[in-house]
Amino acid sequence: MPHCIIEHSSKIDSNALIPLVFNASLESSLFEQDGSDIKVRVLPFTHYQTGALQSASSQADFIHVSLRILSGRNTEQKLMLSRLVLESLATLNLKGCSTSVEVVDIDRASYSKIIS
51 MPHCIIEHSS KIDSNALIPL VFNASLESSL FEQDGSDIKV RVLPFTHYQT GALQSASSQA
111 DFIHVSLRIL SGRNTEQKLM LSRLVLESLA TLNLKGCSTS VEVVDIDRAS YSKIIS
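Straight run, no breaks: the sequence shown in my numbering ends on number 166.
Just to be clear, a hint being listed does not mean it is correct.
In silico PhoX-like links for lysine-lysine, alpha-carbon gap of 25 angstroms or less [what the hints assert, rightly or not]:
(1) Lys61 / Lys89
(2) Lys61 / Lys145
(3) Lys128 / Lys89
(4) Lys163 / Lys128
(5) Lys89 / Lys163
Hints in this document: simulated from the structure, not taken from any laboratory.
Kindly generate the complete structure, drawing on both the sequences and the hints.
Here it is in structure tokens:
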């Protein structure tokens, strides 16, 4: 855990985002020290709308990261994780880009997993 799901506008390089989110998650110390339980995946979007659309060329870029973690962390831990990821992404210095991060609890009682 966690599942780090990065959604972003396709103009942004996915390969630049993956290590930033991975390393910030690792830095939180909420997960395995070697990072073996951190999973990061990326969904670039070419078709989207942000705000009032003036023209296709004025479409604002975005990054949204959902950090899905097993329930049990307190609010302070989740806020720290969210801020670490956001601060890491801010190092890209993207202009005109909306960047957001959310931490979502996965219900332990109903979560199922198999490794084969």
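Results for each hint:
Only pairs whose Cα atoms come within 25 angstroms are accepted, and Lys61 paired with Lys89 is accepted, the gap being roughly 23 angstroms. At most 25 angstroms may separate the alpha-carbon atoms for a hinted pair to count; Lys61 and Lys145 meet this at roughly 12 angstroms. Taking the CA atoms of Lys128 and Lys89, the gap is near 17 angstroms; set against the 25 angstroms cutoff, the hint holds. A hinted pair counts as satisfied when its Cα atoms are at most 25 angstroms apart, and Lys163 with Lys128 qualifies at roughly 23 angstroms.
In summary, the hint linking Lys89 to Lys163 is supported, as the alpha carbons are separated by about 14 angstroms, within the 25 angstroms threshold.
Every hint from the earlier list agrees with this structure, and none is contradicted.
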